[in-house]
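Student: Sequence:
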Amino acid sequence: MTRSVFRFLSRQAELPELVSDRHLLRLARYRDFEPWHALRRDSRAFLQPWEPTWRADELTERAFRQRVLRNEQEYHSGMAVPFFLFERESGDLLGGLTIGLIRRGASQACMIGYWMGEKHAGKGHMFAALQLAIPYIFGPLELHRIEAACIPDNVNSVNLLEKAGFEREGLLREYLKINGEWRDHVLFSKIAPARGRNGKAGS
1 MTRSVFRFLS RQAELPELVS DRHLLRLARY RDFEPWHALR RDSRAFLQPW EPTWRADELT
61 ERAFRQRVLR NEQEYHSGMA VPFFLFERES GDLLGGLTIG LIRRGASQAC MIGYWMGEKH
121 AGKGHMFAAL QLAIPYIFGP LELHRIEAAC IPDNVNSVNL LEKAGFEREG LLREYLKING
181 EWRDHVLFSK IAPARGRNGK AGS
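Position one of the sequence shown corresponds to residue 1 (the UniProt record's numbering), numbered consecutively onward.
Any given hint could be a false lead.
Said to hold, decoys possible - For each label pair, taking beta carbons as the anchor points, the in silico distance ranges come out as:
no., residue 1, residue 2, range
1, W182, R88, 38 to 44 Å
2, L176, R44, 14 to 20 Å
3, E34, H144, 35 to 41 Å
It is worth saying that the hints were derived from the structure and are not from the lab. Glycine residues also receive a C-beta, built at the ideal position from the N, C-alpha and C atoms.
Modelling step: build the complete structure from the supplied sequences, incorporating the hints.
Tutor: Here it is in structure tokens:
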């Protein structure tokens, strides 16, 4: 199995791209509307149990364009980095991973969330995306703590986070309104490795 290599690029107007031999994480662009629309539409029944209720205009081009603008604003303001996940060889859109709720000051933390198209699920793509995102969060973003929350019976998400080295911290009661109901979430976290005298993260 080819080992993924983390690289941080800043080509498109200083927007970040995280690249390995198989995957690419970058912010959404207007031209992504058609593949995004098709993937979300075909995955609706698969995704809906784990997401907030979709708005009536959820899949419209106008809503997508607003999303692209909002994502870039959030990135430039330092609030979030909302990535789309692509397979490099085919160029296919696979899903998304958002580094959100970025807090500076004494906290230096963020919350991550993610989604995967149904036909791409269970193939290791999101684990690979986390292997790109985690070094970016602890490296260029210089954050200390990553948090993630998932519904307790979302076994796939729980297994993913544990495989990626996240530790379970506790239960957040009625944390988010998911699919029309307030749902408890399990809180996971991952802490930056200790840094040596040269400022680089240790093993």
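Student: The structure should be examined with respect to each hint, and the outcome stated for every one.
Tutor: Quick rundown of the hints versus the structure:
1. W182 x R88: 38 to 44 Å: Holds, at about 39 Å.
2. L176 x R44: 14 to 20 Å: Distance hint for L176, R44 holds at roughly 19 Å.
3. E34 x H144: 35 to 41 Å: Given about 39 Å between the Cβ atoms, the range holds.
The structure meets every hint from the earlier list without exception.
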